[in-house]
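There are 2 protein chains.
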Amino acid sequence: MKKFINKIEDIVTEMIEGQVLASPEILQHIPNTKVIARKNINKNKVAIISGGGSGHEPSHGGFVGVGMLDAAVFGEVFTSPGPDRILDAIQNVVGEPGGLLLVKNYTGDAMNFGMALDLGKNLGFNLEKVMITDDIALEGANLSTGKRGIIGTLFVQKIAGAAAEAGLNLLEIKRIAQKAVDHTASFGISLSGSIVPANGKPGFIVPEGEMEVGLGNHGEPGLRREQQKSADECAEMIMKNIEQYLKLQKGDEVALIVNGLGGTPMMELNILARQAIKILQAKNIKIHKTFVGSFITAIDMKGFSFSVIKLDAELKKFLNAPVVTSSMVGN
Amino acid sequence: MKKFINKIEDIVTEMIEGQVLASPEILQHIPNTKVIARKNINKNKVAIISGGGSGHEPSHGGFVGVGMLDAAVFGEVFTSPGPDRILDAIQNVVGEPGGLLLVKNYTGDAMNFGMALDLGKNLGFNLEKVMITDDIALEGANLSTGKRGIIGTLFVQKIAGAAAEAGLNLLEIKRIAQKAVDHTASFGISLSGSIVPANGKPGFIVPEGEMEVGLGNHGEPGLRREQQKSADECAEMIMKNIEQYLKLQKGDEVALIVNGLGGTPMMELNILARQAIKILQAKNIKIHKTFVGSFITAIDMKGFSFSVIKLDAELKKFLNAPVVTSSMVGN
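In order, the protein sequences belong to chains A and B.
First residue of the first sequence: 1, per the working numbering; consecutive thereafter.
First residue of the second sequence: 1, per the working numbering; consecutive thereafter.
One thing to keep in mind: the hints can contain errors.
Same chains, same names: a pair is fine if it fits in one copy or spans any two.
Stated by the list, open to error - Distance condition first, Cα-Cα at most 25 Å in a straight line; then the derived SDA-like pairs of lysine to any residue:
no., residue 1, residue 2
1, Lys7, Glu226
2, Lys201, Gln227
3, Lys2, Phe204
4, Lys39, Thr290
5, Lys121, Thr13
6, Lys316, Ala282
7, Lys3, Lys229
8, Lys229, Ile8
9, Lys39, Glu226
10, Lys3, Pro221
11, Lys289, Ile5
12, Lys3, Lys201
13, Lys7, Gln281
14, Lys3, Phe204
Don't read these hints as lab results, they were simulated from the structure.
Can you make the complete structure from the sequences, with help from the hints?
Shown next as structure tokens:
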């Protein structure tokens, strides 16, 4: 297997250790847990907790820090963390003002974060959760769990984290985070599955000359398989779906993420960003900020997605607020 | 070919456009050139210019901005930019205080940047250059051009850029940049070659179960092929070479880059970073800062490298100085 790893069973532990060792000024590993918390835990504000299966690095550990997440909880690769692991995060970072769980909408995460929330409440913690459901590719499909949470998660974590840092109360932050979810649409395409270390083979094979439209973040099948198209054609197809979903109109203001899924070089992401921005500009939609990079990945998948958030004054203010994490710095 | 591109001949142009469109507050494309310059050109300080073949994104366009590069010049994929392209950069960003060319040591770059320097001098520009030679893997080999320049380039660009921003004169900055080169050692390993779009196939094939030690940044052969080892064993082999080269001793202070070559997920980079840091800590070598990410890539190569710079007070001051680029923000 063409991977730089040690024992497969140690991957998550070693990855957590590595991330914290590399950013000791920002992060700490809570001993005997699968939780990365910010270096200086502040229990005088609402705590923002997120997490999920591993394999999406730098998410979510890379987004722990002042102005974003208070803690990230890690499951095994592409496996939701159990309620006990999530409760470890709650018990270590949530104080009097309470905690908000930001949960990508997958069956396992919905269940485990839901159970952890109940367990935490029973212990006296003031907790709320927001389900992230930004993937519009499968909207029409018959999914009992509803839309999936993918790369728009980054917007929700950033905005909720800034609102918490500003001292807002739990229900206000929940309202703003839910608004961020409702204003965000994401859609992706892949040219390959990702290689889960325990399997050593791709989760699915996309034949040469084809592409998977509406990819899942864990190698779930997408919406449909079609002939591979040019970067510009892919960008046009995705932006058309996003524009329709968000009902974008001339004069609207948005932020854009062009996200690589781990095996897509920046060369291609820049080419895709070019067309996405041109399409929005041609419709006189104002782009407040563009993020291009591999923020929430599927290990080494050759794929990308666009996420667009339609901004209002409140969302824009919190998107702009300063943040200090290992994978998103600045303001 | 599993790539999100349009016409192969448009890759570099579109990539430049995309990068500038995504960061209009930081970057500008100088019309009719293959040059990305910082948005607000400041000719009252020494200009720092770097560049080389494309395919190493986010380098070098991602490192243009206040506190780092004034301009980046792009050649075609894995092809040095001609002297005319480099002269475009010189003519657009160099003022009275002069300009410093930071050149990765490859035959093509050495020749083209050298010619551009002579052409620029004939036009009356005050120019100097520093050759970057941080790759210690092939040190003993019979290379007529000397050691290659690889990922340590990031340290040299950051430090020279900060010195220029601080208002130092050209010869002082040249001295400091050369010191940064002399204090830096890099070494890499790969598990695959990269797929150049014009070829559609990897530049070299590494059989399953083997690895290329001392990889070249463009898919040049490395030092030797050997049996694939664990992440920790790879880290140990590389750090041993780097420690010996830099004569690192207890109490020394360093900065570390764990760089992915485009096809290496953050999962693996974090695991590699963990061991690199543990090795340095075990020898009581102080790590001032660690950068983990894919900064200077070889398109989609599955590979990584470590770069270590031995810091003194001067190098540390300039490494710490604020910087605002699209791929390195903060201080």
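Within, between, both or neither: how does the pair Lys3, Lys201 come out at a Cα-Cα threshold of 25 Å?
The answer is both: 11 Å in one copy and 20 Å across copies each meet 25 Å.
Checking an output row: Lys7 and Glu226, CA cutoff 25 Å. Within, between, both or neither?
The answer is between: 20 Å across copies meets 25 Å, while 37 Å in one copy does not.
Treating 25 Å as the Cα threshold, decide for Lys316 and Ala282: within, between, both or neither.
within (22 Å within a copy, 46 Å between copies)
First find the shortest C-alpha distance between Lys3 and Pro221 inside one copy, then the shortest across copies, and answer within, between, both or neither for a cut-off of 25 Å.
Both, since 24 Å and 19 Å are each at most 25 Å.
Pop the pair Lys39 and Glu226 into one bin, within, between, both or neither, using alpha-carbon distances up to 25 Å.
Neither. Shortest intra-copy (46 Å) and inter-copy (40 Å) distances fail the 25 Å Cα cut-off.
Pop the pair Lys229 and Ile8 into one bin, within, between, both or neither, using alpha-carbon distances up to 25 Å.
Intra 36 Å, inter 14 Å, cutoff 25 Å: inter-copy only.
For the identical chains here, do Lys121 and Thr13 meet the 25 Å Cα criterion within one copy, between copies, both, or neither?
neither (28 Å within a copy, 55 Å between copies)
Is the C-alpha distance from Lys289 to Ile5 at most 25 Å within one copy, between copies, in both cases, or in neither?
between (36 Å within a copy, 23 Å between copies)
Checking Lys7 and Gln281: alpha-carbon separation at most 25 Å within a copy, between copies, both or neither?
between (48 Å within a copy, 22 Å between copies)
Within a copy, between copies, both or neither: where do Lys2 and Phe204 come within 25 Å Cα-Cα?
both (17 Å within a copy, 15 Å between copies)
How do Lys3 and Lys229 come out at 25 Å by Cα distance, when the copy is not named: within, between, both, or neither?
between (29 Å within a copy, 10 Å between copies)
Given identical chains, is Lys3 near Phe204, meaning Cα to Cα at most 25 Å, within a copy, between copies, both, or neither?
both (18 Å within a copy, 17 Å between copies)
Violated hints, in rising order: 5, 9; the structure is consistent with all others.
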